[in-house]
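Q: Sequence:
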Amino acid sequence: NNPRTGNLGALIKVFLSRTKELKLSAECQNHIFIWQTHNNALFIICCLLKVFICEMAEEELQLHFTYEEKSPGSYSSDSEDLLEELLCCLMQLITDIPLLDITYEISVEAVSTMVVFLSCQLFHKEVLRQSISHKYLMQGRCLPYTSKLVKTLLYNFIRQEKPPPPGTHVLPQQSDGGGLLYGLASGVATGLWTVFTLGGVGSKAAASPELSSPLANQSLLLLLVLANLTDAADAPNPYRQAIMSFKNTQDSSPFPSSIPHTFQINFNSLYTALCEQQTSDQATLLLYTLLHQNSNVRTYMLARTDMENLVLPILEILYHVEERNSHHVYMALIILLILTEDDGFNRSIHEVILKNISWYSERVLTEISLGSLLILVVIRTIQYNMTRTRDKYLHTNCLAALANMSAQFRSLHQYAAQRIISLFSLLSKKHNKVLEQATQSLRGSLSANDVPLPDYAQDLNVIEEVIRMMLEIINSCLTNSLHHNPNLVYALLYKRDLFEQFRTHPSFQDIMQNIDLVITFFSSRLLQAGAELSVERVLEIIKQGAVALPKDRLKKFPELKFKYVEEEQPEEFFIPYVWSLVYNSAVGLYWNPQDIQLFTMDS
Numbered sequence: 302n303n304p305r306t307g308n309l310g311a312l313i314k315v316f317l318s319r320t321k322e323l324k325l326s327a328e329c330q331n332h333i334f335i336w337q338t339h340n341n342a343l344f345i346i347c348c349l350l351k352v353f354i355c356e357m358a359e360e361e362l363q364l365h366f367t368y369e370e371k372s373p374g375s376y377s378s379d380s381e382d383l384l385e386e387l388l389c390c391l392m393q394l395i396t397d398i399p400l401l402d403i404t405y406e407i408s409v410e411a412v413s414t415m416v417v418f419l420s421c422q423l424f425h426k427e428v429l430r431q432s433i434s435h436k437y438l439m440q441g442r443c444l445p446y447t448s449k450l451v452k453t454l455l456y457n458f459i460r461q462e463k464p465p466p467p468g469t470h471v472l473p474q475q476s477d478g479g480g481l482l483y484g485l486a487s488g489v490a491t492g493l494w495t496v497f498t499l500g501g502v503g504s505k506a507a508a509s510p511e512l513s514s515p516l517a518n519q520s521l522l523l524l525l526v527l528a529n530l531t532d533a534a535d536a537p538n539p540y541r542q543a544i545m546s547f548k549n550t551q552d553s554s555p556f557p558s559s560i561p562h563t564f565q566i567n568f569n570s571l572y573t574a575l576c577e578q579q580t581s582d583q584a585t586l587l588l589y590t591l592l593h594q595n596s597n598v599r600t601y602m603l604a605r606t607d608m609e610n611l612v613l614p615i616l617e618i619l620y621h622v623e624e625r626n627s628h629h630v631y632m633a634l635i636i637l638l639i640l641t642e643d644d645g646f647n648r649s650i651h652e653v654i655l656k657n658i659s660w661y662s663e664r665v666l667t668e669i670s671l672g673s674l675l676i677l678v679v680i681r682t683i684q685y686n687m688t689r690t691r692d693k694y695l696h697t698n699c700l701a702a703l704a705n706m707s708a709q710f711r712s713l714h715q716y717a718a719q720r721i722i723s724l725f726s727l728l729s730k731k732h733n734k735v736l737e738q739a740t741q742s743l744r745g746s747l748s749a750n751d752v753p754l755p756d757y758a759q760d761l762n763v764i765e766e767v768i769r770m771m772l773e774i775i776n777s778c779l780t781n782s783l784h785h786n787p788n789l790v791y792a793l794l795y796k797r798d799l800f801e802q803f804r805t806h807p808s809f810q811d812i813m814q815n816i817d818l819v820i821t822f823f824s825s826r827l828l829q830a831g832a833e834l835s836v837e838r839v840l841e842i843i844k845q846g847a848v849a850l851p852k853d854r855l856k857k858f859p860e861l862k863f864k865y866v867e868e869e870q871p872e873e874f875f876i877p878y879v880w881s882l883v884y885n886s887a888v889g890l891y892w893n894p895q896d897i898q899l900f901t902m903d904s
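Using the numbering used here, the first residue of the sequence shown is number 302, and each one after it goes up by one.
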């Protein structure tokens with residue numbers, strides 16, 4: 302094949318002509334026709350496109366779809382753009398063909414071919430802002446399909462339809478031998494498929510669990526790729542607009558005329574699917590995208606009375622932080638941060654009581670509130686980060702989520718209260734160690750090997766920022782809900798010596814006033830009660846004292862509120878991330894790792 306012979310173009314024209322009859326064929330259950338269209342034409346088109354996109358510049362690729370040899374004496378006419386025709390046809394296949402056993406594979410192949418069409422990004426180090434995909438998908442004949450395509454891809458994810466059992470699309474044996482002939486052809490096609498995928502998909506599948514729904518997985522990946530395309534020079538990304546604006550099917554209010562590409566979808570089904578699928582990076586990224594960009598979805602989710610179904614899978618991701626990639630952990634943390642921006646969420650999570658959390662193995666938690674469990678997992682993530690990755694971004698998001706919750710802490714579990722103070726203890730030790738190193742480094746700017754010493758002053762500044770944040774979180778709880786949290790006061794009194802060194806420290810003096818007041822007040826009441834007090838008696842004294850504590854003596858500080866804001870040029874993070882998910886998770890698609898430019902294999 303080359304632009305002059307036009308064999309690829311001829312194959313696409315055959316495919317386009319056959320596809321016009323495909324919907325009718327599906328309705329009539331015409332198995333052989335669908336099998337021929339899918340297993341021959343579209344599969345080969347997808348394979349060829351993948352090779353061409355990897356090996357050719359965009360201009361050269363377009364020649365294969367636009368070249369026309371003129372015979373002597375012929376006149377020029379406006380020729381069809383075959384690539385645009387193919388894309389429109391794929392969109393129609395995805396959105397219009399009913400999903401049946403006999404159409405399942407062609408639906409998967411149509412979605413895969415669109416992913417392949419967009420894969421030129423894989424072979425560029427920088428994010429593409431103008432490309433062949435922008436030209437066709439953001440304007441022209443493909444644009445009217447935007448909302449219908451996004452809606453269909455979302456429903457494919459929601460339904461999680463499993464592929465039909467092997468052989469269900471084959472016609473029963475015919476008396477004239479037609480069935481045998483078809484059976485032989487099917488066997489040949491299966492063998493060809495094995496040759497194409499062996500070593501590619503097979504090697505990736507070993508590292509990830511078997512997918513129960515290839516169509517749902519492929520649709521989700523395509524949706525994420527489309528949502529993260531950069532805006533065109535003269536128009537915003539229409540697929541992102543569709544994701545930002547769709548509404549619940551139960552919402553009867555009219556769409557504003559200013560919002561394009563709108564549609565409605567069943568939010569209850571979407572919520573259920575998101576809760577069930579959080580083990581995968583791509584489902585967590587979809588949840589983040591919807592919470593961050595679609596206010597209708599965010600409002601609906603925050604109003605749910607079963608938020609534990611969504612929050613528990615997110616906490617489990619964070620709990621197994623050492624098994625997850627850093628991007629998945631970031632997404633999970635940012636989801637928590639977005640949720641904790643809502644006061645209603647922060648109150649309600651302390652009202653949900655959980656029993657026997659099987660995946661939490663550090664301690665048996667027979668009964669704990671969702672809020673206390675969230676605190677435990679976030680603190681554990683901070684401690685893991687302190688000893689392993691030392692990522693300031695991770696620290697910031699964890700502490701911001703705790704800070705947002707702090708004024709609404711209610712009936713903290715004794716273990717959650719202990720862990721808050723234990724984290725402060727760890728930070729205190731870290732502070733003393735860095736302070737000692739900084740003091741020693743002042744005596745000489747070079748080590749014994751003439752290597753410049755680390756910047757301990759900067760390290761000290763960072764650790765003091767974190768300590769201040771922890772003190773503000775404790776102070777916020779004591780100021781706003783002390784009488785609801787006797788276990789935190791108990792833990793504070795038990796480790797009161799920890800706070801002594803920070804009372805006169807210029808960076809913490811103001812915030813320590815309230816904490817010092819609480820410690821002094823309750824210590825005095827315990828002293829009056831006598832020695833050898835049981836835990837139960839101490840808690841009783843704390844509960845009584847909480848009522849008697851003069852609240853006007855507690856200094857008021859601004860409310861702790863943090864809001865998640867995407868950094869400038871978020872596409873520099875999200876586009877490589879999305880394509881790494883496609884590379885690792887797409888069904889039946891393999892790219893040579895040596896050809897990939899967008900990201901490194903170990904990132």
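I should point out that these hints are in silico values taken from the structure, not numbers from a laboratory.
Keep in mind that a hint or two might mislead.
[What the hints assert, rightly or not] Computed cross-link-like contacts, DSS-like style, restricted to lysine-lysine with a CA-CA straight-line distance of at most 30 Å:
1) K436 to K321
2) K852 to K796
3) K452 to K693
4) K321 to K426
5) K730 to K548
6) K693 to K656
7) K351 to K426
8) K656 to K731
9) K857 to K656
10) K436 to K452
11) K796 to K656
12) K449 to K548
13) K730 to K862
14) K449 to K436
15) K844 to K864
16) K656 to K548
17) K730 to K656
18) K856 to K731
19) K693 to K730
20) K693 to K731
21) K852 to K864
22) K463 to K436
Here the structure is a predicted model, which is why all the values come from computation and not from measurement.
Q: Does each hint hold? Answer for all of them.
A: Taking the hints in turn, this is what the structure says about them:
A C-alpha spacing of about 24 Å is found between K436 and K321, which places the hinted pair at or below 30 Å, so the restraint holds. The hinted pair formed by K852 and K796 meets the criterion: a straight-line CA distance of about 23 Å does not exceed 30 Å. Restraint check for K452 and K693: not satisfied, since their Cα atoms lie roughly 38 Å apart, outside the 30 Å limit. Only pairs whose Cα atoms come within 30 Å are accepted, and K321 paired with K426 is rejected, the gap being roughly 39 Å.
Distance hint between K730 and K548 is unfulfilled; the C-alpha atoms sit about 51 Å from each other, more than 30 Å. A hinted pair counts as satisfied when its Cα atoms are at most 30 Å apart, and K693 with K656 does not qualify at roughly 33 Å. Restraint check: the Cα-Cα separation between K351 and K426 comes to about 18 Å, which is no more than 30 Å; the hinted pair holds. The straight-line distance between the Cα atoms of K656 and K731 is roughly 35 Å, outside the 30 Å bound, and the hint therefore fails.
Of the pairs offered as hints, the one joining K857 and K656 is violated, with about 37 Å between alpha carbons and a cut-off of 30 Å exceeded. Distance restraint check for K436 and K452: the Cα-Cα separation of roughly 22 Å lies within the 30 Å cut-off, and the hinted pair is therefore satisfied. For the hint linking K796 to K656, the alpha-carbon distance of about 29 Å falls within 30 Å, and the restraint holds. Restraint check for K449 and K548: the C-alpha separation of about 14 Å stays at or below 30 Å, so the hint holds.
With a CA separation close to 28 Å, the supplied pair K730 and K862 stays within the 30 Å bound. At most 30 Å may separate the alpha-carbon atoms for a hinted pair to count; K449 and K436 meet this at roughly 19 Å. At roughly 33 Å between alpha-carbon atoms, K844 and K864 are farther apart than 30 Å, so this suggested pair is violated. Among the hinted pairs, K656 with K548 is inconsistent with the structure: their alpha-carbon atoms are about 35 Å apart, more than 30 Å.
With a C-alpha separation of about 34 Å, the suggested pair K730 and K656 falls outside the 30 Å cut-off, and the hint is violated. Taking the CA atoms of K856 and K731, the gap is near 28 Å; set against the 30 Å cutoff, the hint holds. With a CA separation close to 18 Å, the supplied pair K693 and K730 stays within the 30 Å bound. Between the alpha carbons of K693 and K731 the distance comes to roughly 15 Å, so the proposed pair stays at or under 30 Å and holds.
Using a Cα cut-off of 30 Å, the hinted pair K852 and K864 holds, with the two alpha carbons roughly 28 Å apart. Using a Cα cut-off of 30 Å, the hinted pair K463 and K436 is violated, with the two alpha carbons roughly 34 Å apart.
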